[in-house]
Amino acid sequence: MADQFTEVDKLRETLRESLEMTDKPQEDISRQDVLTRIERVIQTIVITVSKGEAPVLSVMNRSSWANVRFHKSVGLVLKEDVSVKALRCDCPSSATRFALILKLLSVIYKLVQSDSYATKRDIYYNDPQLFGSQTTLDSIVDDVSCMLKVPRRSLHVLATSKGFISGALCYLEEDGTKVDCSSSSTAVPVSSNVNGIRNIVSAAKFILIVEKDATFQRLLDDDFCTRLSPCIIITGKGVPDVNSRLMVRKLWDTLHVPVFALVDADPHGIEIMCIYKYGSLSMAFEAHSLTVPSVLWLGLLPSDIQRYRVPEETIIPFSQADERKINSLRSRAYITCQPAWEREVETMQRLKQKAEIQSLASIAPHFLTRVYLPNKLRYGGWI
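Take the sequence shown: its letters are residues 1 to 383, numbered as in the working numbering.
Derived from the structure by calculation, the hints contain no laboratory data.
Hints are supplied without guarantee of correctness; some may be wrong.
[As the list claims (entries may be wrong)] The calculated label-pair distances, taken between Cβ atoms and stated as ranges, are: (1) S331 to L351: 18 to 24 Å; (2) Q129 to P189: 27 to 33 Å; (3) S362 to A95: 51 to 57 Å; (4) D221 to R69: 25 to 31 Å; (5) R121 to E80: 34 to 40 Å; (6) P339 to Q32: 46 to 52 Å; (7) V49 to T119: 29 to 35 Å; (8) Q113 to C170: 32 to 38 Å; (9) S93 to D127: 21 to 27 Å.
[As the list claims (entries may be wrong)] Derived SDA-like pairs: lysine to any residue, alpha-carbon spacing no greater than 20 Å straight-line: (10) K103 to Y124; (11) K85 to A95; (12) K110 to I42; (13) K376 to D3; (14) K79 to L281; (15) K51 to C91; (16) K149 to D33; (17) K103 to I42; (18) K162 to V141; (19) K120 to V141; (20) K250 to D222; (21) K110 to N193; (22) K110 to A99; (23) K110 to C91; (24) K85 to V41; (25) K250 to P293; (26) K325 to Q338; (27) K120 to S139; (28) K250 to S18; (29) K352 to E271; (30) K51 to K79; (31) K250 to G176.
Keep in mind that this is a model prediction, so the values were computed, not measured.
The beta carbon of each residue, even a glycine, is placed where N, CA and C say it ideally should be.
Whole structure, please, built from the sequences with the hints as guidance.
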């Protein structure tokens, strides 16, 4: 087994040589700078009101593809000139959101000023009738972060993590708590304050992003991290939350080891992998601290369905939603700039079929953990 990581080690050296060419994550903004930016917004509103005019807040349209461009070494980033939505306090359709943004700015100002933190859930439950729903608050936090041009972590507003991590990894939380992720049977929740993590210690040869919790648990149950030790596995349980993405980025920045993705061979799985690698439309304003462009696609590749003769009864025909999603993916620059990825997407679209990672279990119960993944890593079966 001494040569099981030969190809991975070669890849690691290649990645390290290209590190100088990649963009570095942006530095955190100081507390005073955050306070100053909030004060400017409020000052503008006060001046407008003093003139007898209705104040307006300009919020970027975070759902428009026209506002982003693709940068190969970063991912989806904001363009210089972006379209914005005007929120007027005297307009019935936007007055509520205008008021909620001001309320949140007040909360954030107090948090930053006192150097304390609160979760989005804490803020919501302090006045659930005001915000209406947790989803509304989550969206407003992102709007404020984008409006102030301040990374969300610098607002002192934390999100409850949904992801889990396991493997050859130890670190200290900001409060000094030591976290050991090496237990083979249980996973550790991803920190709610990834930015505060320090003293990261790991001998991991690679990091494996796992799309779904069920597959992640299967890897734990089959003692994957011990069988292919040392390594780290992490899941965002589907579409990843910001903390899971921050954690992958922090590990990459610290360890500089290959990062692989294990996702379903379907359009949804490919898009999830692209969120880790190149970011998302709604969070493009934080791309520099969230994306890991070095992520490689380990599996399940659409071509693997035929290569490994996945039983037909486990293969799922495309739905109309799949057709729409695959067409959307094929038009995106981060797919068209990678010939190997584009060929796999073309294969999937041509065959009009998809397969979940769990379909490999129909070949043999432990095929995924004892044959598929070890061979992929040993022989360089990634793209």
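Hint-by-hint comparison with the structure:
no.: 1; hint: S331 to L351: 18 to 24 Å; verdict: holds (19 Å)
no.: 2; hint: Q129 to P189: 27 to 33 Å; verdict: holds (30 Å)
no.: 3; hint: S362 to A95: 51 to 57 Å; verdict: holds (56 Å)
no.: 4; hint: D221 to R69: 25 to 31 Å; verdict: violated (43 Å)
no.: 5; hint: R121 to E80: 34 to 40 Å; verdict: holds (35 Å)
no.: 6; hint: P339 to Q32: 46 to 52 Å; verdict: holds (48 Å)
no.: 7; hint: V49 to T119: 29 to 35 Å; verdict: holds (32 Å)
no.: 8; hint: Q113 to C170: 32 to 38 Å; verdict: holds (34 Å)
no.: 9; hint: S93 to D127: 21 to 27 Å; verdict: holds (22 Å)
no.: 10; hint: K103 to Y124; verdict: holds (11 Å)
no.: 11; hint: K85 to A95; verdict: holds (13 Å)
no.: 12; hint: K110 to I42; verdict: holds (14 Å)
no.: 13; hint: K376 to D3; verdict: holds (13 Å)
no.: 14; hint: K79 to L281; verdict: holds (12 Å)
no.: 15; hint: K51 to C91; verdict: holds (18 Å)
no.: 16; hint: K149 to D33; verdict: holds (11 Å)
no.: 17; hint: K103 to I42; verdict: holds (11 Å)
no.: 18; hint: K162 to V141; verdict: holds (18 Å)
no.: 19; hint: K120 to V141; verdict: holds (8 Å)
no.: 20; hint: K250 to D222; verdict: violated (27 Å)
no.: 21; hint: K110 to N193; verdict: holds (19 Å)
no.: 22; hint: K110 to A99; verdict: holds (17 Å)
no.: 23; hint: K110 to C91; verdict: violated (28 Å)
no.: 24; hint: K85 to V41; verdict: holds (16 Å)
no.: 25; hint: K250 to P293; verdict: holds (13 Å)
no.: 26; hint: K325 to Q338; verdict: holds (18 Å)
no.: 27; hint: K120 to S139; verdict: holds (11 Å)
no.: 28; hint: K250 to S18; verdict: holds (18 Å)
no.: 29; hint: K352 to E271; verdict: holds (17 Å)
no.: 30; hint: K51 to K79; verdict: violated (33 Å)
no.: 31; hint: K250 to G176; verdict: holds (18 Å)
The structure fails to meet hints 4, 20, 23, 30 from the earlier list, while all remaining hints are met.
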